[in-house]
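Please work from the sequences and hints to get the whole structure.
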Amino acid sequence: MVTSGKGGVGKTTSSANIATALALLGKKVCMVDTDIGLRNLDVVMGLENRIIYDLVDVAQDRCRLEQALVKDKRFDELYLLPAAQTKDKHAVEPDDVKKMVTSLKATFDYVIIDCPAGIEHGFRNAVAGADKAIVVTTPENAAVRDADRIIGLLDKHGIQGPKLVINRARINMMRSGDMLDIDEICSVLAIDLLGIVPDDEYVIKAANTGEPTVMNPNSKASVAYRNIARRILGDSVPLMALDEKSGIFSKVKKFFGMG
Amino acid sequence: MAGNQHHVTIKGRKDGLVFVLDDRCPFSDLLKELEYKLEKTHQKLLSGPLMHVYVKLGKRQITDEERQALENMINRRNLVVHSVESTLNPPDPRTSHQVLAGIVRSGQVLELEGNLIFIGDVNPGGSIITSGDLFVLGSLRGLAHAGAKGNSEAVIAASHLKPTQLRIAGAVSRPPDEWGIGDASMMFAYMKDDLMEIEKITHLYRLRPNAVELYKGE
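One line per chain: the protein sequences are E and Y, in this order.
Going by my numbering, the letters in the first sequence line up with residues 2 to 260, in that order.
Going by my numbering, the letters in the second sequence line up with residues 971 to 1188, in that order.
If you're looking for bench data, these hints aren't it; they were derived computationally from the structure.
Among these hints, one or two may not hold up.
DSSO-like mimics (lysine-lysine), calculated; alpha carbons at most 27 Å apart, straight line [as the list claims (entries may be wrong)]:
#, chain 1, residue 1, chain 2, residue 2
1, E, K157, E, K28
2, Y, K1132, E, K164
3, Y, K1132, E, K7
Now the structure itself:
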């Protein structure tokens, strides 16, 4: 599952891009949007006009699970289970999501659950189906605070060792001290860092055109998401040098305990 | 009432009787077995001259009520409880610190009685509350409340003292910039004339001599 606690830090963008990047690497992937009432993932993926049934229809037995899956227009092995836009969020219970995800897991290599903001019903729905979590945060105090809260709640729900994605990093602001830096975030949250996604205007453009950022190999954010996907597959990909000057040298220094 | 009859052992001694009580079984089992032994199998003990009873609890610690129940059970006719002893001494407030490790994250509250040594971080938005002293081996970035039941002698120490707020007994303090907390040394907070003060950890024994036992060197 992809979660963050705070809204607007890039859960949906990250879900879409990680799922697409995994599909690019040849995996069978299904995205599940659990943000009932405020669905977005279909819009970001540009699949809105193909939706026929949704998550609530499946939960209430109005259709079979396979009927609700929307196939991506770019990949044969990438699907989306959309959230409902109109119905009440209590129309789906954690057990429903768990059942759906369990049956999806049998068909797909990866099921990416996009979690709504907040820690209430929607979060409980998403967490019920998940066995691993990616926590997305941005280098802001409020986002890090909420991520910390979410990590505590994930632990309570039995999801251990969540991985961290720091979104919208601006290396020059971090260096000038105007933004929380990576080390500071990692030391507070104390979980493994899965990737750092630089702030990239292209992400906004991509979301608006319904074309995930990772499809454009020239965007920095795209490279970051591709690296994240490769790390999920178990490759050890070094963190992208956000800034060439400090990159290697500071890592070497840290290696010798001087960082 | 057959079965387990081995929690209570009664021995004679020159100056009286020694009751050796098992320290692992539930306390209620002890009372039951005592009652059975005194009334059924050992009732001859109850006839005779005044006899002191020395109760040995082993490692068991009992509450005042349990102690009272025990004495009521034994104090009958000629038997008088002379002493109730446990091989474990009652906890010395200076040396009894509960030790816990982990991370107190945003939204989480760790609350407990007594003194605490917490190994790990307390993150912003997280709270740690004790009725005694609090020592954090890690970064204290959240809220810490020591002496929460009103003990203003309590202290809060942390390897990295960067709290959002500190409370000792009823006093609340935000870390003003002029605390000038260097990252280099472990600090602790204490109350001095109704004001919260910050000092290096090395001064703890001087300012709160009762908080810890002092190592005096050789």
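Against the earlier hints, flag every one the structure doesn't satisfy and list their numbers going up. 1
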